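**Q** Each chain, written out:
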Amino acid sequence: MRPRNVILSFIIGVVFALGLGLAGMTIPQKIVGFLDFGGHWDPTLLFVMGGATVVYAIAFRLIRRRERPLFADVLAVPTRRDIDARLIAGASLFGIGWGMGGFCPGPGLVGSVGLGSQTLLFVAGMTGGVVLYRIWDRAVNRVGARATSATASNG
Amino acid sequence: MTHTDAIYGLAGGAMIGLAAAAMLLGNGRIAGVSGIFGNALRNDGERMSRLAFVLGLLAGGGILAILWPARMPHVAVAPLEMILFAGILVGFGTQLGSGCTSGHGVCGVARLSPRSLIATGTFMATGAITVALMHAFGVSA
Numbered sequence: 001m002r003p004r005n006v007i008l009s010f011i012i013g014v015v016f017a018l019g020l021g022l023a024g025m026t027i028p029q030k031i032v033g034f035l036d037f038g039g040h041w042d043p044t045l046l047f048v049m050g051g052a053t054v055v056y057a058i059a060f061r062l063i064r065r066r067e068r069p070l071f072a073d074v075l076a077v078p079t080r081r082d083i084d085a086r087l088i089a090g091a092s093l094f095g096i097g098w099g100m101g102g103f104c105p106g107p108g109l110v111g112s113v114g115l116g117s118q119t120l121l122f123v124a125g126m127t128g129g130v131v132l133y134r135i136w137d138r139a140v141n142r143v144g145a146r147a148t149s150a151t152a153s154n155g
Numbered sequence: 001m002t003h004t005d006a007i008y009g010l011a012g013g014a015m016i017g018l019a020a021a022a023m024l025l026g027n028g029r030i031a032g033v034s035g036i037f038g039n040a041l042r043n044d045g046e047r048m049s050r051l052a053f054v055l056g057l058l059a060g061g062g063i064l065a066i067l068w069p070a071r072m073p074h075v076a077v078a079p080l081e082m083i084l085f086a087g088i089l090v091g092f093g094t095q096l097g098s099g100c101t102s103g104h105g106v107c108g109v110a111r112l113s114p115r116s117l118i119a120t121g122t123f124m125a126t127g128a129i130t131v132a133l134m135h136a137f138g139v140s141a
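Chains A and B, in that order, give the protein sequences.
All residue numbers for the first sequence refer to the numbering used here, where the first residue is 1 and numbers rise by one.
All residue numbers for the second sequence refer to the numbering used here, where the first residue is 1 and numbers rise by one.
Don't read these hints as lab results, they were simulated from the structure.
If you're wondering where the values come from, they're calculated on a predicted model, not measured in any experiment.
Glycine included, C-beta positions come from ideal geometry on N, C-alpha and C.
Mixed in with the good hints, there may be bad ones.
[Unchecked claim] Label pairs and their computed distance ranges (CB to CB): (1) Ala11(B) with Val143(A): 45 to 51 Å; (2) Gly138(B) with Ala150(A): 48 to 54 Å; (3) Arg2(A) with His3(B): 40 to 46 Å.
[As the list claims (entries may be wrong)] For the chain B half of the interface with chain A, some residues (derived, Cβ under 10 Å), not all of them: (4) Met15; (5) Leu18; (6) Val33; (7) Leu51; (8) Gly61; (9) Pro73; (10) Ile83; (11) Val90; (12) Gln95; (13) His104.
From just these sequences and the hints, can you work out the full model?
**A** Now the structure itself:
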């Protein structure tokens, strides 16, 4: 990791945050309005995701042709295609939290700069959720490893 | 939603798409906020880059707070204890499901990744059910 990667990441973070703000995605009422299909539906999020997805899809097709990125050795694009229980359960839990508070990780972090109690609590909770996941994941892996070695010795 | 909301939405979305594209073109990485945040402190060669991205998000928030304070979150949609719980769900869920609205919803959907398409449909569905239930039970801040 060279300084130019770090500087680029910082600039990307700033542009990303300003894009979220311009789009209005930093306002939790806009998120809940989008998810409120039975009420007074607000489709703004669809325009945001549409704009972002179209731009990224075109860029992705062009960038993928390159042998390597400008400032790194490899294009690290996820290759997994399997739909597993973790994906479904994780996305489900994330969606519940998203609808409950009106924040996903990006807008939560961007909004926390205002030092309002709701975004500070959200980011604190999100950090706690990441830590909980790490503890849970480690415990599950340990049990799984024990089960595997038990099966191996029994077999 | 007004016409202005739609245009600002498209323009802001395009900025997000460009930022994510720059991450791929420059660093060869997916711009997924939950993945970068969740691994921010992981001790590998890219820790500084992840921290810089998170710091950039915060700096962008600072610019927004000064130039356009109305675009910062002010009124909560639920009681504060629920917002804290929502944060825990978002933190745990995005790590378990390997992504959020940016990694799955934008980058993954744009690549037509089956995992991201399923994840995006799932979190939108459970989000909509949650909002419907909150309204049904009269939950508000």
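**Q** Now tell me, hint by hint, if it's right for this structure.
**A** Tested hints:
{"no.": "1", "hint": "Ala11(B) with Val143(A): 45 to 51 Å", "in the structure": "49 Å, holds"}
{"no.": "2", "hint": "Gly138(B) with Ala150(A): 48 to 54 Å", "in the structure": "51 Å, holds"}
{"no.": "3", "hint": "Arg2(A) with His3(B): 40 to 46 Å", "in the structure": "44 Å, holds"}
{"no.": "4", "hint": "Met15", "in the structure": "3 Å, holds"}
{"no.": "5", "hint": "Leu18", "in the structure": "6 Å, holds"}
{"no.": "6", "hint": "Val33", "in the structure": "4 Å, holds"}
{"no.": "7", "hint": "Leu51", "in the structure": "8 Å, holds"}
{"no.": "8", "hint": "Gly61", "in the structure": "3 Å, holds"}
{"no.": "9", "hint": "Pro73", "in the structure": "4 Å, holds"}
{"no.": "10", "hint": "Ile83", "in the structure": "5 Å, holds"}
{"no.": "11", "hint": "Val90", "in the structure": "4 Å, holds"}
{"no.": "12", "hint": "Gln95", "in the structure": "4 Å, holds"}
{"no.": "13", "hint": "His104", "in the structure": "7 Å, holds"}
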